[in-house]
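With the hints as constraints, model all of the structure from the sequences given.
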Amino acid sequence: MSTQASTAQPSYLVDTGARKGLLAWLTTTDHKRIGLLYLYSMITFFFVGVGIGFVMRLVQLTTFQKLITAQTYNALFTVHGVIMIFLFVVPGLPAIFGNFFLPILIGAKDVSFPRLNLASWYFFMAGAILAVLSLFTGGGAPDTGWTFYAPFSLKTGTNVSLAVFAAFVLGFSSMLTGINFITTIHRLRAPGMKFFRMPLMCWALYSTAWIQLLATPIVAITLLLVILERFFGIGIFDPSKGGDPLLYQHLFWIYSHPAVYIMILPAMGAISEIIPTFTKRPIFGYKAIAFSSMSIAGVGSLVWAHHMFTSGMSGMALMIFSLLTMVVAVPSAIKVFNWVSTLYKGSIDFEPPLLFALTFIFLFCIGGLTGVMQGALAINVHIHDTYFIVGHFHYVMFGGTGMALFAALLYWFPKMWGKMYSKKAIYVSWFPMFIGFNMLYFGMMILGMMGMPRRYYVHLPQFHTMHVVATVGSWLLVLGLIIFFATLLYGILKGPKAEDNPWGGVTLEWTIPSPPPLENFEVIPTITRGPYHFDQQEKA
Amino acid sequence: MSGHVHRDDLGSRLGMWLFLVTEIVLFGGLFIGYSYMRYKYPAEFHHGGAELNATLGVTNTLVLLTSSLTVVLAIVAIQRAEKKRALAFLGTTLALGLTFLVIKSFEWGAKFHHGLYPNSPHLATLPPGEQVFFGLYFTMTGLHGVHVVVGLAVLSVMFWWVATDRVRQDRYIHLENSGLYWHLVDVIWIFLLPLFYLAA
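Taken in sequence, the protein lines are chains A and B. Numbering of the first sequence is given in the working numbering, commencing with residue 1 and proceeding in unit increments. Numbering of the second sequence is given in the working numbering, commencing with residue 1001 and proceeding in unit increments.
These are computed hints drawn from the structure, not numbers from a lab. All C-beta atoms in this analysis are idealised placements derived from N, C-alpha and C, irrespective of residue type, glycine included. Wrong hints could be hidden among the right ones.
As the list claims (entries may be wrong) - What the simulated footprint calls covered on chain A by chain B, stretch by stretch (three residues with Cβ under 8 angstroms from a Cβ of chain B suffice, anywhere in the stretch; the number is not a length):
(1) 174-182
(2) 229-236
Unchecked claim - One side only, chain B facing chain A, incomplete, derived with CB under 10 angstroms:
(3) Gly1011
(4) Ser1012
(5) Met1016
(6) Glu1023
(7) Met1037
(8) Leu1123
(9) Gly1129
(10) Phe1133
(11) Gly1142
(12) Leu1193
(13) Leu1195
(14) Leu1198
Claimed, not checked - Taking lysine to aspartate or glutamate and the EDC-like style, the derived pairs with C-alpha atoms no more than 16 angstroms apart in a straight line are:
(15) Lys1083/B - Asp1170/B
(16) Lys109/A - Asp1008/B
(17) Lys1040/B - Asp500/A
(18) Lys280/A - Asp349/A
(19) Lys419/A - Asp349/A
(20) Lys1111/B - Glu1051/B
Here is the structure:
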């Protein structure tokens, strides 16, 4: 394996400009530093979200209800959703790993618009700060749920306007990142890096960027209408003025369902990078995975109304959306089969990134298949707005996107910081995380099947046993998360120096030093073949 | 960290077009709302449209279309290195944009004077469909107005950059992109005109 051990350029972690320290980071236009800025801020928000979720589980142990009012509980699930979705799961993988690795994976020195990239981070932080402010100012924390459904969001006295404006600003950040990535992929690929020679992470980011571009403005205008409604009473969602609250739900989900694919596509991209590296086999069905990313982006834009099966729509509309919902499972299944086929007869190296990648596949399958279940109209009516839904989307978002983000973090960690974490501690963290995760969210799905509605402050006695199981699961899960992130933090601070290519990967990021130099490549490479060719490595 | 700032005019133009796509989708959400409401309340929308001043609407359309033309002429002038002419055309564009806003403010002012503004007591006495019509009218023309203001701000910066030679014959992508944005503002208005003023 040839590595450029000595390089004239300093690492991106060393300040080379006129500014030093924190100021140098806050004014950086380097895509790698911006990726880390996103990482640090998002992990912080993630833990705030985890803390709120933890308290919500405690409330369901009944004893804790004396400490928290029902109104506070409403605020907690709203804020938990807003933080986790808008500040962590939606922007997570593209903003962190897309920023850090997209230019490296296609052999570029940076994204197309580095300054716009930094501006996107500031938009993100501004939105985040506004979201936090909305908790403590005005009429108190919003209590509508993260979906801000009209007409309640128009009438409630809590601070919905500010929270909604925060989501609007965050949307801007997401859109600008999308514009940046599409332009980068079209304009900055290294010589010979044809579209079908790009690593699959780039395809995933490309399709994600298109959804960000085409879906986000819809939620922006919808949220803007909520604000206008609250301040000026324009009446578009207000039935007493001739408006229609159902229109809100449609406009909201036209964005927010594709947003689910903004969350999951880059996760799938990261998994498609990890699996070949640890099986030392070219990925099975490269083009099928690339095209399935694009078709998920396409079909996923046409399924939004499956969130509204009980809201009142024509029977025809119900059946069409039910069918499309099931169709979107096809490209997802294509990916899963391709990953499993790649593992088949591979020389499997069971390192931590692969462990979490396989965890992703397992949990995502449960989340995906329960999603198909809910696409069926008859079942949906039974489980609509129950804990089943809550369990299902945590399997997809946390078990899917979250685990993939952890896998990506473990995979690229040595490249990003040039250090290595303790693999043993990561294996140890996996057990409580995995067991706790399934107790918590599978427990929720069972509760939902039994009839436990979501967003309820109290529960009937027959649900109590499963609630206790789920709450104990949440303790194990949090324990696992703490070990996991403590291990990584220790690795960054005190870990041993990592090699340039610790996993034997063959994509471009493994050909440059760890951590990467300021401009990534000393000489822009010329690409002559597809991304996953391990034969060359075996000869060397 | 300016080591890797590179110049890619085609990339900048692509980025601008992608941004314009997001703007179209942003208004697209409102157009969806409009079509649904108009389908629901055809008679009320007809009646609401009759209350709007079509003469002012058409005048404003001509003003905006002319301003789009002058922006193009400014770009052509820059390409020919005719700085003074470019500044004159840009100045005309700015003046026309302001004219649009002045006419718009007279129009809105007249509506307010007749008690037609969101949440007004008079509006509450009208049938629900008309209330939605005026809700959409103020939202959509208002959001468009915000875009006109942003466009004018951007073009003012361009005026300054042309004057200080930051935009010049061999480097005019910023002016070109600003022009694209201005055309978008124009195009959206072209759809707003028939949907509201000519709805009657």
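Enumerated hints in conflict with the structure, sorted upward: 12, 13, 14, 17, 19
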